[in-house]
Amino acid sequence: MNIVLVLIPLSLVLLAAGVSAFFWGVNHAQFDDLDTPALMPLAEDPPAPAPDRDDASPK
Amino acid sequence: MSAACFHCGEAIPHGVALDACVNGEAHAVCCIGCQAAAQWIATLGLADYYRLRSTPAGRAGAAVDFSAWDRAQLQRLYVRHAGNGSAEVCVLVEGLRCAACAWLIDRALRDLPGVRAVEVNPGARRVRIEWMPANMALSEMLGRIARLGYTPHPCNAQALDALDQRESRTALKRLIVAGLGMMQAMMFAVTLYAGAFEGIDPATRDFFRWIGLIVTTPVVIYAAQPFFAGAARELRARTLGMDTTIVLAITLIYVASLYETLRGGGEVYFDSASMFVFLLLGGRYLEMRARRHAADVVDALARLQPALAQRRSAAGAPETVGVHELEAGDIVVVAVGVAVPADGILLDEACEVDESLLTGESAARTRRRGETLIAGSVVRAGPVEMRVAHVGADTVLSSIMRLIERAQTRRPRAALLGDRIAARFVAGVLALTVLTAVAWLCFDPSRAFAAALAVLVVSCPCAFALSVPVAHLRAASALARIGVLMPGTDVLEKLARVDRVVFDKTGTLTRDRLELVGIDVIGARGADACLRIAAALELGSAHPLATAIRAAAPAGATIPRAEMLQTIAGAGIAGCIDGQRYRIGRTEFALGRAAPAATDDDAVVLADAHGALARLHLRETLRDEAAGAIAVLRAQGCKVAMLSGDSQARAAAVAERLGIDDFRARAKPDDKLRALEAWRACGDTVAMVGDGVNDAPVLAGADVAIALGGGTQLAQASADLVLASDRLDTIATARTLALTTLRVLRANLYWAIAYNLSGIPLAAFGLVPPWLAAIGMSASSLFVVLNSLRIAPPQASSPRAADAVPAFAEVLPA
Chain A
1 MNIVLVLIPL SLVLLAAGVS AFFWGVNHAQ FDDLDTPALM PLAEDPPAPA PDRDDASPK
Chain B
1 MSAACFHCGE AIPHGVALDA CVNGEAHAVC CIGCQAAAQW IATLGLADYY RLRSTPAGRA
61 GAAVDFSAWD RAQLQRLYVR HAGNGSAEVC VLVEGLRCAA CAWLIDRALR DLPGVRAVEV
121 NPGARRVRIE WMPANMALSE MLGRIARLGY TPHPCNAQAL DALDQRESRT ALKRLIVAGL
181 GMMQAMMFAV TLYAGAFEGI DPATRDFFRW IGLIVTTPVV IYAAQPFFAG AARELRARTL
241 GMDTTIVLAI TLIYVASLYE TLRGGGEVYF DSASMFVFLL LGGRYLEMRA RRHAADVVDA
301 LARLQPALAQ RRSAAGAPET VGVHELEAGD IVVVAVGVAV PADGILLDEA CEVDESLLTG
361 ESAARTRRRG ETLIAGSVVR AGPVEMRVAH VGADTVLSSI MRLIERAQTR RPRAALLGDR
421 IAARFVAGVL ALTVLTAVAW LCFDPSRAFA AALAVLVVSC PCAFALSVPV AHLRAASALA
481 RIGVLMPGTD VLEKLARVDR VVFDKTGTLT RDRLELVGID VIGARGADAC LRIAAALELG
541 SAHPLATAIR AAAPAGATIP RAEMLQTIAG AGIAGCIDGQ RYRIGRTEFA LGRAAPAATD
601 DDAVVLADAH GALARLHLRE TLRDEAAGAI AVLRAQGCKV AMLSGDSQAR AAAVAERLGI
661 DDFRARAKPD DKLRALEAWR ACGDTVAMVG DGVNDAPVLA GADVAIALGG GTQLAQASAD
721 LVLASDRLDT IATARTLALT TLRVLRANLY WAIAYNLSGI PLAAFGLVPP WLAAIGMSAS
781 SLFVVLNSLR IAPPQASSPR AADAVPAFAE VLPA
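Quick mapping for you: the protein sequence lines, in order, are chains A and B. Using our numbering, the letters of the first sequence correspond one by one to residues 1 to 59. Using our numbering, the letters of the second sequence correspond one by one to residues 1 to 814.
A portion of the hints provided could be inaccurate.
Distance condition first, Cα-Cα at most 25 Å in a straight line; then the derived DMTMM-like pairs of lysine to aspartate or glutamate [as the list claims (entries may be wrong)]:
hint : chain 1 : residue 1 : chain 2 : residue 2
1    : B       : K668      : B       : D684
2    : B       : K494      : B       : D726
3    : B       : K173      : A       : D33
4    : B       : K494      : B       : E677
5    : B       : K173      : A       : D32
6    : B       : K639      : B       : E493
Think of the hints as simulated: they come from the structure by calculation, not from any bench.
Can you build the whole structure from these sequences, using the hints too?
Now the structure itself:
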């Protein structure tokens, strides 16, 4: 039974870690808008960067 | 028939052949504004918008000049400058409806030079832009948003927004702390219950109690803070409210358990304390979210009043100034389609204004020289000049705003059945607890504390705490499935008692368009020919009459081309077709002579140079389901009445077609409010159904305010129920559902009372062991949840109502 004395405090530490991670998320606007960000990656299609001529010069 | 516009989704009028080229394909659009918007979106490489969006865009307006927004005097009010040369502005965007719109605006602005950050919040319809004023003008950015088909309004509500955001973030944090704390506390409580059955080593038992104390402490100290704050407020106001009893229960349970933990005897009830906090917080969080969506009254009003005005300076040249710079006596020029900036006196001969703001009737009205123009009404034909009479808080618009506030504060906030009983019950339990403790102190002081605590725990208001929110959540989701949204929580009880339903006429019983019901041919030409001529004359007009006539033109017929079109405000249209002159409009205008005294408001005469050709009879289009909805309400025993700001003749015509005997015409918002009060004084519980801005104060004065989903935001903000499906027949269904909910709620409460009444005496005599208390508590909670599942929407709901729901998904609590 002694293992309980280790595991339960450990679970409390994990709980505290989970809560602080959630607080971080709330404070960093992760929960302010739950609809828009889902669409962002769908259409994210930035124009391909033009190849840089100088770098492509023969060695 | 006609197809829908590719950009805005509205029907394309007859005779319009415009195309927008998007991704190499031609799509039909309804107007030049939409065409420009669609093509501009395509050239920006943003055509994906059309694939992503969930609702069609608003109709794009004509190009607007935003250069006045670069004036320093105006920017001072709206733009905040940061130290490093960057500036920040908050823009309220009309027509911002879904996540795809947010994406579109974000893309369009982000690429501009000088723009540092763009934040779009589709929920609040706000865009926050941070940019370098040195590289980019504010007007340019506003212009970009406008070209996409939206209407931008810079606003200074930023501080309010930040406050809202902080509030909702804190609420979410508290909810999560309470939820996680509750789960842990219950898990450890199960160990203790099992230990009570099987026998447990006192050291292990104490260890689990200490762990329980550790997880419950943050719940009580952090998550339950709103209740402590509320109780402090109630204490200062010297009233005994729900918060006080909640705080007393939480504190007593917690302190007692803490005491037993330290002492190492008796029982601990950390699980009850944290569960209590979590359930109550959950209910409040859902309520807050639903409310936030509905209540943006300030926004809706801010949009009605323009921020800019064209003032004629002493030299005679017009200059653009902010509305706040206007003073009484200034002379202001108002262009077509622009809202009047302040109350004033008309200086021109005549003009046509849309005063739907005040009267709710969309038909334009004619104002003559010397008459008053009201701030917020829209000029239909112009430009006109006016002399400013009242500004700011003295305008009619401001007084409407005050009327709403007054009606809302005066409205009796009927406490919820559950809340009322629970508050009384908790007070009773506390008295009993004290009584038990005193009684035991007299007989056997050593057992006094344990017995008093047992009373408190057996009567744990779990079943109470659960019964109301569970029944409400169930009712709210059932209502949402038939397309009825419930922003508040205290409306069900009143809705079930409603015995008089009052309808607004325009926009509620009728659609805001006219239909052609008959044509009397007077001249030599046939009816079809007359209609073709009429349609040609009305082709360019946005007046409801014109729309009705165009819609009535024979399908497939070619509309001749009218030239030299001339619109005379409040009278009609004159034009030339194939060299012949025609006039259409009011009798006196069409025939070019004085009219007979009593003219039929809704008849339009078409005439050529020789005399009248035809008389067109128009009437308001009723909503398809209006008659059916009224019949069902009558069958349920409700009285039905109608209030209208329109003329006696039109109101009577609509009332007769729907079989309503009780109606009032020519009623201003004040009159409507008085009528409602009279009915309520007779003992009726009145539900008011409306849609317009002018209805908002009236809605606030009814027992149950119902707004249509297609109506203005302001009306929805002051409503208890919003018919998202825009169908009147859902009112009767919602009422039936409210009755069921109330029945279930009562059953739940009776059950909780019965359980507690049998448990408390036993506990008071010290006869309840912990395992029995645990089983009793879970059984009563389970019963309450299962019983609430009986609240369900009727099976045969119309498919259209179901379709309307996803768009409002963000406000659904379940």
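Quick rundown of the hints versus the structure:
As the CA atoms of K668(B) and D684(B) are separated by approximately 22 Å, the hinted pair is consistent with the 25 Å bound. With a C-alpha separation of about 21 Å, the suggested pairing of K494(B) with D726(B) holds against the 25 Å cut-off. A C-alpha spacing of about 16 Å is found between K173(B) and D33(A), which places the hinted pair at or below 25 Å, so the restraint holds. Of the pairs offered as hints, the one joining K494(B) and E677(B) holds, with about 16 Å between alpha carbons and a cut-off of 25 Å not exceeded.
Among the hinted pairs, K173(B) with D32(A) is consistent with the structure: their alpha-carbon atoms are about 12 Å apart, no more than 25 Å. Note on K639(B) and E493(B): the hinted pairing holds, with a Cα-Cα distance of about 18 Å set against a maximum of 25 Å.
This entry satisfies every hint, going by the numbered hints stated previously.
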